[in-house]
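Using the sequences and the accompanying hints, generate a full structural model.
Number of protein chains: 2
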Amino acid sequence: MTTKCLRWGICGAGKISNDFCSAMTTLPDGEHKVVAVAARKLESAKEFGDKFGSEVAYDSYEALSKDPNVDIVYIGTININHMELSLMMLNAGKHVLCEKPMALNMKQAKSVLQLAKQKNLFFMEATWSRCFPIYEKIKAEIASGSLGDVELVTAKFSIPIKDVERIKEKALGGGCMMDIGMYTVQLACMVYDEMPVKITVDGVLNDQGMDEGGCVILKYKGGGMANLTYSGRTCVTQCSASINGTKANIEIPDHFWCPEKATFPSGVVTNEVPEGRHPFNFINSGGMRYEADHARKAILEGKKECEAMSHRHSEMVMTITDEVRKQLGVVYDVD
Amino acid sequence: MTTKCLRWGICGAGKISNDFCSAMTTLPDGEHKVVAVAARKLESAKEFGDKFGSEVAYDSYEALSKDPNVDIVYIGTININHMELSLMMLNAGKHVLCEKPMALNMKQAKSVLQLAKQKNLFFMEATWSRCFPIYEKIKAEIASGSLGDVELVTAKFSIPIKDVERIKEKALGGGCMMDIGMYTVQLACMVYDEMPVKITVDGVLNDQGMDEGGCVILKYKGGGMANLTYSGRTCVTQCSASINGTKANIEIPDHFWCPEKATFPSGVVTNEVPEGRHPFNFINSGGMRYEADHARKAILEGKKECEAMSHRHSEMVMTITDEVRKQLGVVYDVD
Numbered sequence: 001m002t003t004k005c006l007r008w009g010i011c012g013a014g015k016i017s018n019d020f021c022s023a024m025t026t027l028p029d030g031e032h033k034v035v036a037v038a039a040r041k042l043e044s045a046k047e048f049g050d051k052f053g054s055e056v057a058y059d060s061y062e063a064l065s066k067d068p069n070v071d072i073v074y075i076g077t078i079n080i081n082h083m084e085l086s087l088m089m090l091n092a093g094k095h096v097l098c099e100k101p102m103a104l105n106m107k108q109a110k111s112v113l114q115l116a117k118q119k120n121l122f123f124m125e126a127t128w129s130r131c132f133p134i135y136e137k138i139k140a141e142i143a144s145g146s147l148g149d150v151e152l153v154t155a156k157f158s159i160p161i162k163d164v165e166r167i168k169e170k171a172l173g174g175g176c177m178m179d180i181g182m183y184t185v186q187l188a189c190m191v192y193d194e195m196p197v198k199i200t201v202d203g204v205l206n207d208q209g210m211d212e213g214g215c216v217i218l219k220y221k222g223g224g225m226a227n228l229t230y231s232g233r234t235c236v237t238q239c240s241a242s243i244n245g246t247k248a249n250i251e252i253p254d255h256f257w258c259p260e261k262a263t264f265p266s267g268v269v270t271n272e273v274p275e276g277r278h279p280f281n282f283i284n285s286g287g288m289r290y291e292a293d294h295a296r297k298a299i300l301e302g303k304k305e306c307e308a309m310s311h312r313h314s315e316m317v318m319t320i321t322d323e324v325r326k327q328l329g330v331v332y333d334v335d
Numbered sequence: 001m002t003t004k005c006l007r008w009g010i011c012g013a014g015k016i017s018n019d020f021c022s023a024m025t026t027l028p029d030g031e032h033k034v035v036a037v038a039a040r041k042l043e044s045a046k047e048f049g050d051k052f053g054s055e056v057a058y059d060s061y062e063a064l065s066k067d068p069n070v071d072i073v074y075i076g077t078i079n080i081n082h083m084e085l086s087l088m089m090l091n092a093g094k095h096v097l098c099e100k101p102m103a104l105n106m107k108q109a110k111s112v113l114q115l116a117k118q119k120n121l122f123f124m125e126a127t128w129s130r131c132f133p134i135y136e137k138i139k140a141e142i143a144s145g146s147l148g149d150v151e152l153v154t155a156k157f158s159i160p161i162k163d164v165e166r167i168k169e170k171a172l173g174g175g176c177m178m179d180i181g182m183y184t185v186q187l188a189c190m191v192y193d194e195m196p197v198k199i200t201v202d203g204v205l206n207d208q209g210m211d212e213g214g215c216v217i218l219k220y221k222g223g224g225m226a227n228l229t230y231s232g233r234t235c236v237t238q239c240s241a242s243i244n245g246t247k248a249n250i251e252i253p254d255h256f257w258c259p260e261k262a263t264f265p266s267g268v269v270t271n272e273v274p275e276g277r278h279p280f281n282f283i284n285s286g287g288m289r290y291e292a293d294h295a296r297k298a299i300l301e302g303k304k305e306c307e308a309m310s311h312r313h314s315e316m317v318m319t320i321t322d323e324v325r326k327q328l329g330v331v332y333d334v335d
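Order-wise, the sequence lines are chains A and B.
Residue numbers for the first sequence follow this note's numbering, so the first one is 1 and each next one is one higher.
Residue numbers for the second sequence follow this note's numbering, so the first one is 1 and each next one is one higher.
Restricting the straight-line Cα-Cα distance to at most 27 Å, the calculated cross-link-like pairs of lysine-lysine (DSS-like) are:
id	chain 1	residue 1	chain 2	residue 2
1	A	170	B	198
2	A	15	B	247
3	B	168	A	247
4	B	326	A	198
5	B	297	B	139
6	B	247	A	168
7	A	168	B	221
8	B	261	A	261
9	B	221	A	170
10	B	168	A	198
11	B	326	A	221
12	A	168	B	198
13	B	198	A	326
14	B	221	A	326
15	A	221	B	170
Some chain A residues well away from chain B (every beta-carbon gap over 10 Å; in silico):
id	residue
16	31
17	43
18	46
19	118
20	121
21	139
22	260
23	278
24	297
25	298
26	299
27	304
These are computed hints drawn from the structure, not numbers from a lab.
We treat Cβ as the ideally placed atom computed from N, Cα and C, and that holds for glycine.
Written out as structure tokens, the structure reads:
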């Protein structure tokens, strides 16, 4: 990277890639540019490129990995390809921002994180929540001690997705934990910043053995707890979270994973997420601007990971989701 | 009971009895009358009686049980006396409204419920939440099918009570499940109206082995779940609950166990709880009027239990709290 403009290669021309690129249009001109797009169908890649100002389109991810104009690759394909594409891009010398979950299990995740380290390249799991200004304020608030000792975290993510293909199919690395449940897990990980000493789980599986919903109890060494709820079996619900200390609380209303508002001890804080140049597919996707911005700044500073979602935290979340799946009996072919 | 005025004997002159009697002052004249009060100290009983218009005071619960003017006894003593006093009053031919928990375990509860049946007397566990108009509307809403299939219930009750004597002391039947956790359990029981097929628990105990907090996952045969959170280790928090169906939701904001407000599919419903003639010790205690009213109406109709909190539901809640304590390792001397 020779200029201050981060040149993006985009893997996958689906909904999430659209939202990511549209979110980047809300950032100052000259900071980010989509320079190449790869999709399984060349036509999709071209169409996507036209939309976001990229002149280069590929029908192969490998071709994109060899494009010398690409500084960093955003991986927005289906979950089962995340590890393979991350390894491919890192091996080709590219920085990587990979959609969550960065892999299907800890074994896969380790192989990616090790390669990133070995290649001395930037790698970040796109746990976009962590880069929201309100999440940064939550971290600062906890660090300030104003909550006292944190004793309890609750979070609920429940929306009607159990019948969506990527969720219900074992062959696609399905299940709700890896899609929405992990947002509740990452919040607990951010708050406690350590592994729980005990993980207790129950849930409901579909006929392919993929989890349609579950509840996860995390207990930490100081006695703090997190009680997490996720489900793909309900209609759209109020997905909120709370962080309760001995002295004060933080309440994050719907949508806790991409919040525009939260109540702190000092009062309500708001942060409006902007609209992008092109319509978003998902809620508050404009907030993907924050992870793009974090990635750019980290890379400009020569960092190999993002402080808001470090490799250690990717491993922490994945260790927990591995254990959740183990207790529920959710098994992928690659496990 | 020969008149339409229910004549109450009050066991215990403490905070909760005060609130119950003050709540009854909000009901129409001539429906309820406190006719006798018993406390360990005669002076306390007299003082309490003066406050609530009772001319008879006893320093013995047994003496109260023999008072021919008493139709029904409200038991507002500490938890460890609930079974013994319920048995005493039933054996003396009195109807009983006993504070929750009605006993320390299922064995104790069964002995009371069996005696009530044998004596053909009214017995009700004072799970006052159930009698709130908003709870009645919740039941009706679920029965109407407007939520679709209920797939998820969440409830949180977390307030700083871990160091209160009745909570921390094993000899007093302590622990937070029996004091506040049971409110989250009774909500799940009301919504699903059946026993869960699996109960999964974790929590934190104090040095006497009493639970300072915990998380309870209930799984029902249709795949519905409840994720319940209770803690005595935090500051005062937003204690809310939600009921999520496949078609619609009900949200009960703080204080879910004695609600003045809830959001139904058709909109927000409010129900203001009145102030009593004397100040209350606890939140929304004016709402104890509803259980007094339910008890009176049931007795006038010749019923032996209250539909809103039936014997079956007392047993259901107690079966779950027994299992929660078993999994946590919370043991009482009477277990």
